[in-house]
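Protein chains in written order, with this note's numbering: chain A, 44 to 358; chain B, 44 to 358; chain C, 44 to 358; chain D, 44 to 358; chain E, 44 to 358; chain F, 44 to 358.
For the record, the hints were derived by calculation from the structure and aren't laboratory data. In this text, all values refer to a predicted model and were calculated from it rather than measured experimentally. Just so you know, nobody snuck in bad clues.
Among chain F residues calculated to face chain D with C-beta under 10 Å, some are:
1. S70
2. A256
3. Y257
4. V259
5. K262
6. L263
Lysine-lysine pairs mimicking DSSO-like chemistry, simulated, CA-CA at most 27 Å apart:
7. K194(A) / K352(C)
8. K77(A) / K71(C)
9. K301(B) / K260(A)
10. K71(C) / K77(E)
11. K109(D) / K121(B)
12. K287(A) / K260(B)
13. K301(F) / K301(E)
14. K352(D) / K301(C)
15. K352(F) / K260(B)
16. K71(B) / K121(F)
17. K262(A) / K287(B)
18. K194(B) / K260(B)
19. K262(B) / K301(A)
20. K262(F) / K287(E)
21. K260(E) / K301(F)
Where a beta carbon is used, it is the ideal one built from N, C-alpha and C, also for glycine.
6 protein chains.
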Amino acid sequence: MLRGAYIDELQLGDEFEGYFVLKDAQSKMSSAGKPFLSATISDCSGDMDAKVWDYSGPVSTEDIGKVIAIMGTVTEFKGALQVTINRIRLADEHDNYNREKLVPSAPIDVDDAMNELKEAVASLSDPDYRRICETMLQRHEESLREIPAAKVIHHSFLHGLLMHTLNMVRLADYLSDLYADTLDRSLLIAGTCLHDIAKNQEFVVSELGLVTAYSVKGKLLGHLVMGAQEVAEVAAELGVPEEKSVLLQHMILSHHGKPETGAAVVPMCAESELLSYIDMIDSRMEIYHETMNGLQVGEFSSRIFALDKPVYRHS
Amino acid sequence: MLRGAYIDELQLGDEFEGYFVLKDAQSKMSSAGKPFLSATISDCSGDMDAKVWDYSGPVSTEDIGKVIAIMGTVTEFKGALQVTINRIRLADEHDNYNREKLVPSAPIDVDDAMNELKEAVASLSDPDYRRICETMLQRHEESLREIPAAKVIHHSFLHGLLMHTLNMVRLADYLSDLYADTLDRSLLIAGTCLHDIAKNQEFVVSELGLVTAYSVKGKLLGHLVMGAQEVAEVAAELGVPEEKSVLLQHMILSHHGKPETGAAVVPMCAESELLSYIDMIDSRMEIYHETMNGLQVGEFSSRIFALDKPVYRHS
Amino acid sequence: MLRGAYIDELQLGDEFEGYFVLKDAQSKMSSAGKPFLSATISDCSGDMDAKVWDYSGPVSTEDIGKVIAIMGTVTEFKGALQVTINRIRLADEHDNYNREKLVPSAPIDVDDAMNELKEAVASLSDPDYRRICETMLQRHEESLREIPAAKVIHHSFLHGLLMHTLNMVRLADYLSDLYADTLDRSLLIAGTCLHDIAKNQEFVVSELGLVTAYSVKGKLLGHLVMGAQEVAEVAAELGVPEEKSVLLQHMILSHHGKPETGAAVVPMCAESELLSYIDMIDSRMEIYHETMNGLQVGEFSSRIFALDKPVYRHS
Amino acid sequence: MLRGAYIDELQLGDEFEGYFVLKDAQSKMSSAGKPFLSATISDCSGDMDAKVWDYSGPVSTEDIGKVIAIMGTVTEFKGALQVTINRIRLADEHDNYNREKLVPSAPIDVDDAMNELKEAVASLSDPDYRRICETMLQRHEESLREIPAAKVIHHSFLHGLLMHTLNMVRLADYLSDLYADTLDRSLLIAGTCLHDIAKNQEFVVSELGLVTAYSVKGKLLGHLVMGAQEVAEVAAELGVPEEKSVLLQHMILSHHGKPETGAAVVPMCAESELLSYIDMIDSRMEIYHETMNGLQVGEFSSRIFALDKPVYRHS
Amino acid sequence: MLRGAYIDELQLGDEFEGYFVLKDAQSKMSSAGKPFLSATISDCSGDMDAKVWDYSGPVSTEDIGKVIAIMGTVTEFKGALQVTINRIRLADEHDNYNREKLVPSAPIDVDDAMNELKEAVASLSDPDYRRICETMLQRHEESLREIPAAKVIHHSFLHGLLMHTLNMVRLADYLSDLYADTLDRSLLIAGTCLHDIAKNQEFVVSELGLVTAYSVKGKLLGHLVMGAQEVAEVAAELGVPEEKSVLLQHMILSHHGKPETGAAVVPMCAESELLSYIDMIDSRMEIYHETMNGLQVGEFSSRIFALDKPVYRHS
Amino acid sequence: MLRGAYIDELQLGDEFEGYFVLKDAQSKMSSAGKPFLSATISDCSGDMDAKVWDYSGPVSTEDIGKVIAIMGTVTEFKGALQVTINRIRLADEHDNYNREKLVPSAPIDVDDAMNELKEAVASLSDPDYRRICETMLQRHEESLREIPAAKVIHHSFLHGLLMHTLNMVRLADYLSDLYADTLDRSLLIAGTCLHDIAKNQEFVVSELGLVTAYSVKGKLLGHLVMGAQEVAEVAAELGVPEEKSVLLQHMILSHHGKPETGAAVVPMCAESELLSYIDMIDSRMEIYHETMNGLQVGEFSSRIFALDKPVYRHS
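Take these sequences, add in the hints, and give me the full structure.
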């Protein structure tokens with residue numbers, strides 16, 4: 044009996060037990076008139092079809108997205124592996140599984156990344172922008188370490204927002220050097236660091252840490268407005284001069300670049316203009332990265348929704 | 044010697060003195076090589092060309108927009124009346140002129156209008172929305188009574204914002220009755236009442252009360268975001284439940300209807316959708332009103348910038 | 044045996060007979076190899092799944108949309124009620140059913156609404172516009188009392204066009220008072236009253252009174268052009284001065300507001316501009332009303348086609 | 044003394060008299076304090092600057108566009124020829140000038156062109172479309188022979204509409220042969236022949252035959268809707284079957300191709316789709332022709348308004 | 044036993060054998076638990092459903108698009124004909140079938156069409172453009188005779204590109220006569236002849252001659268750039284003056300008319316502007332032709348993807 | 044007598060001589076009836092108004108843009124400095140002036156920049172991309188060292204293209220490290236290095252080294268297509284595998300990002316997507332840099348054409 048195996052390690056004939064995510068589930072009837080559950084189970088390594096014969100519940104469609112504990116055997120159907128599940132139940136608070144094993148997560152060391160981000164903030168020469176960032180990071184550190192950067196488009200895995208933010212801060216740092224006579228490094232890095240900071244209020248995050256929906260507040264206000272509002276509040280508490288507060292709010296409100304892509308106002312200073320490109324670059328590079336992982340060399344993808352075009356993987 | 048005459052009352056040969064706005068001014072040289080000032084003077088009734096012969100200052104181009112005291116004679120040039128100014132000086136704090144005589148103002152009784160607006164707020168059945176409105180009106184009553192609703196597009200005269208807001212509240216009231224089973228009257232009227240409340244922070248207002256420019260804060264944040272932010276703050280202070288605060292912020296943030304016309308988020312409930320139409324109707328009707336005033340019956344205007352088309356005045 | 048029950052009144056175990064609409068129907072084969080009909084029946088109160096076992100016709104897919112007479116029993120399947128039909132046949136001209144029971148209809152009293160519309164017309168101070176409206180209403184009263192305002196988007200139920208037109212006329216009346224110095228009340232109300240008058244020529248209406256398709260003429264010319272054409276004809280017959288005829292045609296031709304939303308010409312006077320907003324308001328408020336009826340408090344809808352966005356139902 | 048010379052024939056020192064168009068005129072004051080008229084005179088061959096010294100009227104700016112009789116001498120100023128006018132007066136009904144000499148006109152023989160158009164109509168195999176065309180041509184022959192096709196964009200000269208229509212009919216004839224199994228020749232040619240027939244109602248035409256403005260009716264309804272309306276009327280009078288009337292109206296209503304370029308409905312049959320391209324081709328080729336006439340070989344034009352781009356003249 | 048029958052000739056009860064295209068294939072399981080193949084077979088006359096009972100391979104989904112040899116019987120299912128296949132195998136190089144019988148092909152005589160195209164080229168008065176065309180046609184004659192003009196949109200059958208090119212050259216010839224004083228006939232016809240010449244490099248063509256996909260080069264560069272590049276190369280080899288080479292490249296690069304429809308540069312001379320309309324006309328007329336073939340008189344199509352609207356077939 | 048002074052060094056009363064650019068020139072007449080030349084002179088430090096009294100040539104409007112030798116005195120007019128020119132003539136080949144003194148040039152050391160670019164190329168690990176770059180740089184080194192990057196929008200000074208290209212290569216280098224698992228460094232840097240390489244063929248460059256117009260070839264083909272074409276040629280000569288040649292051409296053809304901003308094809312691999320952002324960043328940062336140089340702290344610019352919005356300069 045295998046314990047704790049990853050889905051992409053399972054082989055024909057294996058008997059195993061472990062925790063998985065119930066990715067899909069439908070109650071069906073066999074031609075012999077018997078009920079069975081047709082399911083898909085997943086972990087961070089992939090997914091596999093599964094059947095629970097002679098089963099009419101209680102696990103059902105309503106439990107999609109939850110963690111299950113199963114005992115099963117790997118069989119074959121139409122040339123593909125599938126699992127015949129012998130025992131199945133929902134996991135509860137007494138079960139001791141590793142979330143990182145079950146869902147995909149960013150290829151980063153979270154502590155290192157968080158530290159690097161804090162160091163970047165500590166390096167800001169402008170004390171006002173630095174203090175706002177420090178306060179905001181303190182308030183939101185817990186969620187910033189954990190949540191994805193999006194529901195599906197890009198960095199939609201655990202710690203995705205931290206990875207996305209840190210990549211952007213690195214690039215912002217390089218650019219503030221390359222265009223040193225045009226940019227205020229403190230403003231650029233502060234804005235980059237905080238641009239998505241209100242995503243924790245915008246998302247509904249599942250028990251497994253993934254984004255499953257947008258909150259009412261998130262849909263009616265958006266993370267740009269919520270983020271700017273909190274910056275305004277913190278800046279006022281810290282006694283930061285109003286122009287700096289306004290500029291930092293402006294960075295957050297305009298970071299989607301154009302009204303038709305969601306900017307509340309258009310970027311009107313060099314730093315906010317640049318922030319919108321940095322965000323574009325990091326999100327697009329991640330989309331290319333994820334898409335090309337699913338392609339053969341020399342192959343085009345189908346149309347990618349977020350890009351509105353297919354993508355090519357060259358050698 | 045006439046005193047206090049309106050420009051549209053002046054007739055050929057009149058000698059007069061009074062206060063006017065220096066609407067335009069250029070220092071020129073006559074063909075005989077003598078300096079003179081070619082100016083335009085205005086009051087709320089219209090404007091007229093004027094000349095100050097043998098004059099090289101101190102009143103000059105830099106004083107455009109200021110109030111001047113003049114003594115002059117009405118003459119004729121190429122078939123039109125013009126003023127030959129005999130004495131000219133800038134007005135200062137010791138001069139005692141009536142601002143309402145000098146610049147256009149809304150055809151409303153300000154006290155009546157303000158009272159009607161307050162009564163509308165007092166009639167809201169929802170105490171939370173009512174208290175937010177009351178607090179916001181108290182805070183901004185002074186500017187709301189005075190400022191125009193825009194720099195040029197519509198209601199760009201004294202008390203214009205109050206006139207615009209009140210018209211919209213009346214219409215909102217009617218519509219909340221017509222669509223009573225779809226709309227929350229309190230939310231609709233509260234949102235309508237507060238939709239432009241942050242315009243006082245968005246405008247730079249001249250000593251005469253007109254909008255001459257936009258503030259830095261106004262350009263970088265916009266009156267939608269500033270208005271929503273203050274509502275959030277007031278709601279928190281009053282202990283209003285978060286959903287109501289969020290809905291009222293959403294009303295303000297979305298009242299421009301579409302991202303490309305400046306909405307920070309798109310309207311997603313019936314009240315916010317409707318607010319954007321009410322705003323459109325009142326601003327457009329005012330534009331038609333002002334445009335048609337300058338047209339003959341049976342005449343088309345030239346292209347109106349805000350409408351991107353000409354307008355027809357029928358009988 | 045229940046007779047004449049509404050679908051939303053049926054309970055488990057009820058035996059009933061009555062007329063319903065065959066909303067959907069598919070011929071299938073059971074796993075035992077026996078043919079059966081899987082159907083959906085509907086009336087104005089809702090719909091329910093139904094099965095006719097051991098049945099191979101003659102009622103089939105081709106009869107979708109027709110009225111059927113059935114005798115059946117209410118059973119349960121997977122936790123939901125469904126009907127086991129014992130007898131089924133198509134209704135014919137000898138059957139005596141009530142159309143209003145079978146399909147949804149506007150929540151208005153048709154006679155009252157029609158009278159109110161006629162009174163509005165009678166109140167027009169301009170005799171030319173009044174006579175055109177009276178003539179047009181006489182010609183089209185029958186269809187105006189009955190047809191929906193659309194195939195699916197809004198007011199797609201019996202008497203929908205009358206409800207839509209009357210709502211708009213009420214609002215036009217209010218607005219012609221609010222903006223009395225900008226608007227010609229007679230022109231505004233006349234244009235509002237007649238704006239969709241040619242929809243009866245644009246639609247193909249089923250025997251049950253619903254719109255099932257667009258006519259050839261409707262697609263090739265559109266109800267704007269057809270409506271304007273008939274107004275031109277009636278105005279000429281009545282000897283109305285050309286400018287009034289042209290203005291009223293212009294109201295109808297431009298009431299979709301912008302070329303890209305179907306306006307044949309853009310609105311160029313205050314009344315036509317306003318008509319396009321009034322139409323927008325009434326159609327949108329109905330869409331919100333219908334959408335929110337299908338939502339829980341606190342829930343967002345999926346994307347609504349006509350709005351290109353989801354809608355939120357707040358408390 | 045030269046009589047009747049064209050402007051492009053005048054040479055330095057010539058004394059001449061004749062009729063010209065007063066293309067521009069401004070009353071000015073010389074540095075010596077004397078009034079003079081600075082004007083531009085034109086005929087179909089070009090234009091030239093002119094001065095009337097010591098002149099203060101009665102010919103003035105208000106007479107721009109009218110015909111004047113002048114006596115003058117050709118002089119030189121800054122290297123260019125100009126006219127010193129000795130006598131000037133407005134022409135009146137007793138003057139006997141040739142309009143074709145004064146304004147540009149299409150390079151066609153009007154009688155030949157009209158006959159060719161009638162022959163094309165006579166060749167239609169469908170008697171219904173043929174009779175509608177014949178009736179419409181009879182009604183409008185006078186204006187069709189004379190008016191331009193536009194105010195400025197293309198074919199804005201005398202007989203321009205006839206030239207444009209005939210070119211298009213020739214091309215339609217060729218295409219109905221090339222795509223014989225897709226097109227109804229009678230419908231295509233009839234629609235082409237009548238597509239702009241209501242332009243005479245859309246234009247305000249000056250005494251010289253050029254388009255100086257659009258009529259109120261033209262702006263509020265447009266020549267598409269007016270043309271379709273008259274076709275509907277004629278078809279009804281002639282007892283033509285409704286589908287043919289509708290198709291021919293559809294041709295006219297949709298010939299601008301897309302809503303954003305002015306189509307009242309979009310083309311939905313092969314003939315209407317094609318008509319929009321034929322119209323595009325003939326108008327664009329004329330624009331290129333006129334533009335290239337003003338260019339050297341190897342030269343680019345400045346941006347052409349109707350094309351939104353510059354044009355190149357190659358060898 | 045019928046041999047070589049077309050699909051649209053088969054009748055109930057026919058026993059037949061022959062070659063067909065395997066248009067679709069899915070391995071399924073009957074309710075009795077036996078495997079069967081559910082397929083669609085096609086030839087140039089149409090397609091028909093087919094079943095191979097008790098069959099588990101080797102012909103399968105992966106063979107879709109290949110030629111199969113079958114022996115079968117025509118049966119009936121739910122009122123439609125279908126084939127019960129008794130024997131099935133993939134065709135190989137020893138099989139001797141006629142490709143033209145299996146896939147649709149253009150209704151032209153290929154030799155005649157090719158000759159007409161060559162004669163058009165031979166008629167060019169400009170020797171430079173003529174020699175470039177002759178060289179390009181020699182290089183690409185084989186593919187130009189064979190390949191479709193597109194994957195699906197229009198002329199997607201054998202010899203489609205030749206048919207499309209020839210139609211366009213005919214129309215270009217007519218137009219260079221109609222607008223003789225605006226157009227350079229040699230440039231227009233040369234550009235028309237070569238506009239799609241690089242499509243053979245853009246397509247992946249199946250063994251049956253149809254376009255099944257786009258090549259990597261085709262997607263990354265496009266046939267416009269590839270065509271222009273080869274023209275530049277050939278022109279250089281032939282010693283053609285640079286301006287002519289540039290103009291001919293410009294024709295090819297701009298023939299999609301607008302950037303948003305794929306033009307690499309916008310047309311800037313009369314010939315390139317016209318080429319884009321000629322291409323539009325021929326492709327659209329073919330789309331209408333193919334669409335109307337599938338419609339009844341009086342019927343509207345569903346929305347046609349390439350037109351973004353439905354199409355009407357009138358009598 | 045000052046010699047060689049810069050314009051921004053001139054002070055009231057200075058007598059000076061030197062070479063300047065004739066930036067503007069108009070022949071005028073004084074009120075006393077005497078001709079004079081009203082001019083503007085410029086060098087790389089700025090410009091100043093100038094007058095040549097009693098002067099009627101030969102220097103005139105036609106010499107705008109040329110270098111002039113002048114002797115003059117600095118006077119004052121309406122509070123601003125202006126030059127009274129005593130002697131003026133066009134410079135010719137015998138004059139020995141320093142071009143860099145006369146026109147603005149990039150703030151870089153050209154040799155250093157060129158070397159850094161060559162080193163970046165030398166560092167490419169892929170020998171094929173490296174050899175193509177080396178060959179292209181050799182061919183174009185002379186123009187790449189000298190020409191601006193644009194006519195007006197950004198980097199429109201001497202050596203501007205080199206500065207722009209080098210900045211972009213630096214950023215590309217950084218990004219190929221940041222996204223090392225997504226990007227092919229050699230392809231990204233090669234494409235960046237060559238993206239504008241054909242601008243020398245696109246521009247008409249004045250004797251002073253500035254771009255004064257676009258070439259015929261440049262307008263009809265564009266620098267994207269010309270650059271890709273030369274890369275194809277060089278790659279073929281060097282025997283580079285086709286896929287690499289195609290990818291590098293694709294980089295150049297797509298670097299404007301979207302069709303509507305001039306891309307011949309859309310970017311379809313990570314490197315081409317990124318190149319379009321790198322180009323955007325460097326051009327936009329330069330626009331902000333140049334714009335802010337002309338602003339006070341706290342001031343907004345007027346609308347910047349290339350950005351379609353104003354820009355703010357904060358402290």
